[in-house]
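2 protein chains.
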Amino acid sequence: MKRVMLRVAYDGTEYCGWQVQPNGITIEEVLNRQLTRITGTEVAVIGASRTDSGVHAKGNVCVFDTESRIPAEKFAFALNAGLPQDVVVQNSCEVAADFHPRHCDCHKTYEYRIYNATFPDPLLRRYSHFLYHKLDVEAMRQAAQYLVGEHDFKSFCSVNTQVKDTVRRVNSIEVLAEPRQTAAEEDAKLITIRINGNGFLYNMVRIIAGTLIQVGFHRYPPEQVATILAAKDRAAAGETAPACGLTLIEICYQESDYRKGSEE
Amino acid sequence: MKRVMLRVAYDGTEYCGWQVQPNGITIEEVLNRQLTRITGTEVAVIGASRTDSGVHAKGNVCVFDTESRIPAEKFAFALNAGLPQDVVVQNSCEVAADFHPRHCDCHKTYEYRIYNATFPDPLLRRYSHFLYHKLDVEAMRQAAQYLVGEHDFKSFCSVNTQVKDTVRRVNSIEVLAEPRQTAAEEDAKLITIRINGNGFLYNMVRIIAGTLIQVGFHRYPPEQVATILAAKDRAAAGETAPACGLTLIEICYQESDYRKGSEE
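Protein sequences, first through last, are from chains A and V.
Numbering of the first sequence is given in the numbering used here, commencing with residue 228 and proceeding in unit increments.
Numbering of the second sequence is given in the numbering used here, commencing with residue 228 and proceeding in unit increments.
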């Protein structure tokens, strides 16, 4: 028996999120189905991040146990041969038998992308949130700094969750603005909110994005974000920004936590 | 009566190209249908570039004549309200009544994108051609320089065309390589072949891309491109690279050719 870790990239547009559910196809389900097919026994992966419907990933993580004789590092090739084109395993390796991707310390990086222009760009529409009114990127940057550090992020957590401890640490938030050439506009921009932290509450990145958008529209000043944080009330923050703009970029574990042999 | 020019961006994935045809939905058809709906009379656009099935655009151009009282610059807003999400008009303006987008001098810019990595990136798959074997970008750059200038591009023209004059001028070809972060790979790259010229033969950019890929794989040296050009034989060049990698970036006309009033 061995435990294998997969790093998985997907275009979430056509999926009802990560976690298996009765109402539609999910990423977890297509992975389980394909693993079961190639190993010949029922397999159920354990995911690191149960991304929502429509959210994308470049490096989500999951593990599974198998007695298959396929070498751990060959699972990426074996799986990709049968997976749909919008789900691609980027890497596979053996990990410690007791490594659990949700019960170990880690850093996660997410990006929330906003296309800010007069008209949408059809080549960006699946992977960004379109906004017509011009955003003040500098104000968004100032506002973001109030969120860096260890805080109670209760105001930035969906009420549809049972989680008790809402304290998390945000290591960094960058707000990047890239000019985009269009057929007829000077100041179109792709704005990326890149956020790294030790864990995120349900909808936390999308509520942060929604709140920074309000600041970018001058609906309230950057300092207001400190007040929103102190309120510990979901109603104080901005709305949850749409799923299509969000991509889970990577999850980094301590090598000593997952490295095969570290348990010996 | 006025002539209106549109600059149109589209994700070509779901379309059978630009030009109306019996076997599937096209970009021209969705534009004609929506223009007919909002003006109340039958409209047929004249396109600048009849892109193939699966090819994308950021700035294709077309014109149409109308007696509608909608101001020319408002057509972009009026059309976008009813167009599918993957076809977006970026700009509309009135042009000279005799301006024809295929019978005027212009410069066109195309980009052909290649994702060169161990595994595909699902977020790039619709807009790039995936290649696993590593490409020598420097060799591709050297090869590209043989194509710059005025040449008979008969070797780089599909045999499925009746065109007689196969001389065109390529103003520039750049081969750009951008490192891409992946969950598990150091040297993944997005390679963009950016080409500007005064007109392109049927499949010319895709045959150039296919030929530069052969050079990138060291199947023949960069100098071979001069021999291929001199052969004036389609069989001498590389294969036609897939449509998904190709995007028509922009078409630039002389302002005096299309500016309303220039005919007076």
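Hints were generated in silico from the structure; no laboratory data involved.
It should be emphasised that the depicted structure is a prediction, and the values quoted were computed from it without experimental measurement.
For every residue, glycine included, the Cβ atom is placed at its ideal position computed from N, Cα and C.
Mixed in with the good hints there might be a few duds.
[As the list claims (entries may be wrong)] If you anchor each label on the Cβ, the simulated ranges turn out as follows:
hint : chain 1 : residue 1 : chain 2 : residue 2 : range
1    : V       : V390      : A       : I265      : 44 to 54 Å
2    : V       : Q481      : A       : N398      : 29 to 39 Å
3    : V       : N387      : A       : A324      : 57 to 67 Å
[Claimed, not checked] The following residues of chain A were derived to be distant from chain V, with all beta-carbon distances above 12 Å:
hint : residue
4    : R277
5    : K285
6    : E294
7    : I297
8    : C331
9    : P347
10   : L351
11   : R352
12   : T388
13   : R407
14   : G426
15   : A463
Right, here's what the structure says about each hint:
no. : hint                        : in the structure
1   : V:V390 x A:I265: 44 to 54 Å : 50 Å, holds
2   : V:Q481 x A:N398: 29 to 39 Å : 53 Å, violated
3   : V:N387 x A:A324: 57 to 67 Å : 59 Å, holds
4   : R277                        : 18 Å, holds
5   : K285                        : 6 Å, violated
6   : E294                        : 24 Å, holds
7   : I297                        : 17 Å, holds
8   : C331                        : 17 Å, holds
9   : P347                        : 5 Å, violated
10  : L351                        : 9 Å, violated
11  : R352                        : 6 Å, violated
12  : T388                        : 27 Å, holds
13  : R407                        : 9 Å, violated
14  : G426                        : 19 Å, holds
15  : A463                        : 33 Å, holds
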